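Undergrad: Everything in the sequence shown is counted per the numbering used here, starting at 1 for the first residue and increasing by one.
It should be emphasised that the hints constitute simulated quantities derived from the structure, not laboratory data.
Please read these numbers as outputs of a predicted model, since none were measured by experiment.
We put the beta carbon where it would ideally sit given N, CA and C, even for glycine.
Please note that the accuracy of each hint is not assured.
Computed cross-link-like contacts, EDC-like style, restricted to lysine to aspartate or glutamate with a CA-CA straight-line distance of at most 16 Å [stated by the list, open to error]:
| # | residue 1 | residue 2 |
| --- | --- | --- |
| 1 | K46 | E13 |
| 2 | K175 | E13 |
| 3 | K74 | E93 |
| 4 | K354 | D296 |
Pair by pair, the computed Cβ-Cβ distance ranges are [claimed, not checked]:
| # | residue 1 | residue 2 | range |
| --- | --- | --- | --- |
| 5 | N98 | R309 | 42 to 50 Å |
| 6 | H156 | L8 | 28 to 36 Å |
| 7 | R414 | L210 | 43 to 51 Å |
| 8 | G219 | K354 | 42 to 50 Å |
| 9 | E207 | F138 | 23 to 31 Å |
| 10 | I157 | R190 | 22 to 30 Å |
| 11 | V176 | K494 | 53 to 61 Å |
| 12 | S18 | E95 | 42 to 50 Å |
| 13 | N345 | D136 | 31 to 39 Å |
| 14 | S18 | I157 | 24 to 32 Å |
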Amino acid sequence: MNTFKPSLQEIHEIIKTSQGNTIPVYTQIPADLLTPVIAYLRISTKSQFSFLFESVIGGEKIGRYSFLGSDPYKILKTGENEAIKGDPLIALEEELRNVKFVPIPGIPSFTGGAIGYIAYDCVKYFEPRTARELDDPFGLPDSFFLFCDTLVIFDHIYQLLNVVSHYRSDSTDPKVIEYQYRRTVEKIRRVLNLLQIDHTPSVPQGEIHLNQSCTSNVGKTGYENFVTQLKKHIKDGDIIQAVPSQRLARPTNLHPFNVYRHLRTLNPSPYMFYLDFKDYQIVGASPELLVKVENDIVYTHPIAGTRKRGKTKEEDEKLAEELLNDPKERAEHIMLVDLGRNDVNRICQPKTVKVDSLMQVEKFSHVMHIVSQVSGKLRPEKNRFDAFRSIFPASTVSGAPKIRAMELIAELEREKRGVYAGAIGHFDFANSIDTCLTIRTMLFKDGVAYLQAGGGIVYDSIEEEEYQETINKLKSNVTCIDEAEQYYYKLQQKFCSFSTLQSLQNAFINEEFIFPAAVHKAMNYKSIARKGLHLQSQRPTVLHLLYCDPSDFPLVLSRSLNEGVFIDPFCSIRVSSKCGLNRWS
Numbered sequence: 001m002n003t004f005k006p007s008l009q010e011i012h013e014i015i016k017t018s019q020g021n022t023i024p025v026y027t028q029i030p031a032d033l034l035t036p037v038i039a040y041l042r043i044s045t046k047s048q049f050s051f052l053f054e055s056v057i058g059g060e061k062i063g064r065y066s067f068l069g070s071d072p073y074k075i076l077k078t079g080e081n082e083a084i085k086g087d088p089l090i091a092l093e094e095e096l097r098n099v100k101f102v103p104i105p106g107i108p109s110f111t112g113g114a115i116g117y118i119a120y121d122c123v124k125y126f127e128p129r130t131a132r133e134l135d136d137p138f139g140l141p142d143s144f145f146l147f148c149d150t151l152v153i154f155d156h157i158y159q160l161l162n163v164v165s166h167y168r169s170d171s172t173d174p175k176v177i178e179y180q181y182r183r184t185v186e187k188i189r190r191v192l193n194l195l196q197i198d199h200t201p202s203v204p205q206g207e208i209h210l211n212q213s214c215t216s217n218v219g220k221t222g223y224e225n226f227v228t229q230l231k232k233h234i235k236d237g238d239i240i241q242a243v244p245s246q247r248l249a250r251p252t253n254l255h256p257f258n259v260y261r262h263l264r265t266l267n268p269s270p271y272m273f274y275l276d277f278k279d280y281q282i283v284g285a286s287p288e289l290l291v292k293v294e295n296d297i298v299y300t301h302p303i304a305g306t307r308k309r310g311k312t313k314e315e316d317e318k319l320a321e322e323l324l325n326d327p328k329e330r331a332e333h334i335m336l337v338d339l340g341r342n343d344v345n346r347i348c349q350p351k352t353v354k355v356d357s358l359m360q361v362e363k364f365s366h367v368m369h370i371v372s373q374v375s376g377k378l379r380p381e382k383n384r385f386d387a388f389r390s391i392f393p394a395s396t397v398s399g400a401p402k403i404r405a406m407e408l409i410a411e412l413e414r415e416k417r418g419v420y421a422g423a424i425g426h427f428d429f430a431n432s433i434d435t436c437l438t439i440r441t442m443l444f445k446d447g448v449a450y451l452q453a454g455g456g457i458v459y460d461s462i463e464e465e466e467y468q469e470t471i472n473k474l475k476s477n478v479t480c481i482d483e484a485e486q487y488y489y490k491l492q493q494k495f496c497s498f499s500t501l502q503s504l505q506n507a508f509i510n511e512e513f514i515f516p517a518a519v520h521k522a523m524n525y526k527s528i529a530r531k532g533l534h535l536q537s538q539r540p541t542v543l544h545l546l547y548c549d550p551s552d553f554p555l556v557l558s559r560s561l562n563e564g565v566f567i568d569p570f571c572s573i574r575v576s577s578k579c580g581l582n583r584w585s
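Generate coordinates for the entire structure from the input sequences, incorporating the hints supplied.
TA: See the structure below:
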């Protein structure tokens, strides 16, 4: 029997004393037999829109909370081809304006709100001088947000899973309060039922083709020309630094969530995210906090300066010391800290802006960075949206002076950057925001993964070295796709040859039949079967579903002609030689 907190009686008291209209209601269950990946697959299987946020701090310690959700109560899209045009922050602020949030002890402050992205190109709404007519290779919204009021929150310290929804009403009528409370509890129960099912749905995985190649949108010559042109502007005194980029297109049949599962083990980061927007998905592992506002304190974390991790503790320490003592790395980092202080100072109270930490080496799984933190207290007349406008985009993906650098980048690249170099995160009910810089990120659309990276150009940059730096930055995500493809290809070759699958497909009378999960994954059908259909076969046939890992890995399939009973640990299915009815239970 689940206990829901606050109780209905407590809700009545909260409404009387706080005048709030948005109150978290939650229940807890043990999380020792669940992972965020399993939970995400269970709650998102019937939803077109969903998200998963995870965190690893310093590449070595798991963040306390993971957040996931689906079935948003509202979707907000902005852009030239959308119903809402212009500044996305205006639309977000309007949607959240009337929320009067009441925090509840025992759960994190982020329990719901707007989750999504703001594209780099939205800077034209904040700084009109940067506006240019640019090619739009993807035609995606400038921003896309899922408004979710029901979340699953993992507490990794206490091994608890919180299912949170929200009582949302302005009414003081006791009958209305009771009705709204029971609706909120029912939402929680529906999610609990999904989490406690005895099998985990899998994502459909198409046939893997190895040795796919990447194609750059500018090529080596084009990127080196960017460097040459920007060096001229630096020598002429137009700018101090600029950060041009290139984008790679990599065809792949991998399901984006299978890429995310591999990325989270290959490159654990402070901001790991999977966003499913139905027609495209965003997968990433960003190391850099862009803008955070909590209790009216603004934070930003400039990151600049990189070295690989050492193979031994001694080598690791030597590389960290080398990084901190590199004059070029130090100069670039100090410049970016000064830019961060300037951005924060514009919207914060005098004498509150400070550098909380300066030039600390932060170690991740494969690399280490120089990281600083700048903070300040918001002015009374400013809010979290003003803070975001002031800091966005990060100087680490634009340059200095920021506006002129962005103008030159637009003139050179001549394409919208889209998701790359923008922001991903949440604007929550609790009047806070937490966003990361969208780097080390992949956009999946129409069977292609798009990866983008840039590098800071200064007066003495060498063209070929700068081009190679972008390739090195892209390498981790390219490797992630390559390794994930190898993994799923081996599974398919070992258990799921496509000739076997085709012969099995032909054995079924109705072409609309969706095979059990492994075949379903391989054949890339759009829905999982939950109906019985007949098998056209006059001899005993059995389909064996095998789990590489019962909790987290995909189903794989083999065929036998000896037995007539199919047994699966999560789903009771029988295949008989008499064309009997097969059913998922």
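Undergrad: Hint by hint, note whether the structure agrees.
TA: Here is what the structure says about each hint:
1. K46 <-> E13: Between K46 and E13 the Cα gap is close to 37 Å, so the pair fails against 16 Å, i.e. violated.
2. K175 <-> E13: holds, 14 Å
3. K74 <-> E93: Holds, because 14 Å separates the two Cα atoms, which is no more than 16 Å.
4. K354 <-> D296: holds, 15 Å
5. N98 <-> R309: 42 to 50 Å: Roughly 48 Å apart at Cβ, these two residues keep to the hinted range, so it holds.
6. H156 <-> L8: 28 to 36 Å: holds, 30 Å
7. R414 <-> L210: 43 to 51 Å: violated, 34 Å
8. G219 <-> K354: 42 to 50 Å: holds, 44 Å
9. E207 <-> F138: 23 to 31 Å: For E207 and F138 the Cβ distance comes to about 25 Å; the hint holds.
10. I157 <-> R190: 22 to 30 Å: holds, 27 Å
11. V176 <-> K494: 53 to 61 Å: holds, 59 Å
12. S18 <-> E95: 42 to 50 Å: violated, 22 Å
13. N345 <-> D136: 31 to 39 Å: holds, 34 Å
14. S18 <-> I157: 24 to 32 Å: holds, 28 Å
Consistency note: the structure conflicts with the earlier hints numbered 1, 7 and 12.
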